[in-house]
Amino acid sequence: MDNFEENIIKAGFILPPPPTVAGLYSPAIITGNLVYTSGQLPLKDGKLIEPGGKGKVNEVRKDEAFHASRIALLNALAAIKSVTGSLDNIEKIVKLTLYVSSENFFSSQHLVANGASSLLHEIFGERGVHARSAVGVTELPLNASLELELIVQYKP
Amino acid sequence: MDNFEENIIKAGFILPPPPTVAGLYSPAIITGNLVYTSGQLPLKDGKLIEPGGKGKVNEVRKDEAFHASRIALLNALAAIKSVTGSLDNIEKIVKLTLYVSSENFFSSQHLVANGASSLLHEIFGERGVHARSAVGVTELPLNASLELELIVQYKP
Amino acid sequence: MDNFEENIIKAGFILPPPPTVAGLYSPAIITGNLVYTSGQLPLKDGKLIEPGGKGKVNEVRKDEAFHASRIALLNALAAIKSVTGSLDNIEKIVKLTLYVSSENFFSSQHLVANGASSLLHEIFGERGVHARSAVGVTELPLNASLELELIVQYKP
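Sequences listed follow chains A, B and C, in order. Last residue of the first sequence? That's 180 in my numbering, and every number before it is there in order. Last residue of the second sequence? That's 180 in my numbering, and every number before it is there in order. Last residue of the third sequence? That's 180 in my numbering, and every number before it is there in order.
Please note: incorrect hints may appear among the correct ones.
Since the list gives no way to pick out one identical chain from another, each pair is judged satisfied if it fits inside one copy or across any two copies.
When the alpha-carbon atoms are kept at most 30 Å apart in a straight line, the in silico DSS-like pairs for lysine-lysine are as follows [claimed, not checked]: (1) Lys71 - Lys179; (2) Lys179 - Lys86; (3) Lys34 - Lys71; (4) Lys34 - Lys86; (5) Lys68 - Lys34; (6) Lys68 - Lys179; (7) Lys68 - Lys86; (8) Lys34 - Lys116; (9) Lys116 - Lys86.
For the record, the hints were derived by calculation from the structure and aren't laboratory data.
Construct the entire structure; sequences and hints are all you get.
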């Protein structure tokens, strides 16, 4: 039996409560056996985590952002659980998209994304192997350092 | 019976004709019971609307861009209708992605996106509650202020 | 019988070997009858092609980037083949997303994307007509000029 929440704890993290949203949109939406999450920020208890969650990322702040990508990932998983009831019916992580608020000349968005990708592997093992895009953008909501979205396949 | 086009009129708008494209790609594509739109700009009668549809968005131009996101949304809905025949068979808005051409220090892309999200709610009610990502990019085609894409679930 | 790889050769290109990835993620993932690729860079033999594959795109470098978008597309097709076994079971190109690393004032991302879109048409004919988004971003991994991802429908 898979117990993906237990794997989150083994990895040293805790699944947060589902993200709150204004009501016009939802943290996640189910269509068929796919779940699409909204873009998730590196928020913890409603605040961007310090120091990696805020502002533009550059070479110096790369490791902080690596960690922040994991916090945003946990929020995305919490969003999924809020509509599926459990993480244990996730069959496959399909796609991860990471937008990194990037200073000019910072071109290691893929290394930032490895934070989330490696945590997906720790939690979901083979089922966590996903397609991925990582891009560097100008600005993100609330001056966040990054925004992460997932598409996953689950067993309804 | 749903009549989503009537709701567009009640909201003070008119569904435009479907977006024209060069022929190499399509305003929207159906796969199974999902429709993916191409990225839509805030064009009206073939021109970017003034003043909110052009140029980079900043704090001062936020409300103009809020309105522009609704015009881009209407183009996305027109794109969907062009391949499904009607908006009334839309079962669910799955995902909205909004790219906002953003000046440095502008970090309210989510407030711009609320223009489109709230209009989706006016038109589709509960079916309009969607997953959403809003990001700030450097530049967009034709110097547009924003580009919006939708994924919707429909009944074939 | 379709022979899409032959069409690639007729168009003057060769399908490259599948992209190598670090192992945490995959060049492409199958879910149902859809294939999602990871974001692909204009790499050839492991290096960004010169001169169009590197650095920010501007008006002067538009044609170079047009060509680079085709190289990234071929990598995306190789990624798909690596999980489906063949390109010939592709039924439909659903969505192309192109992120172009853009200098300020460069707003012809759609013309860059036409490189990939027109090659899709040469290879897949009517089945190659896709939905598309093209956006201008700040920076991309490895200082690439662009990153391209595909969603395609195939016959399992």
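Practice problem: Give me the numbers of the hints this structure contradicts, sorted from smallest to largest. | Solution: 1, 2
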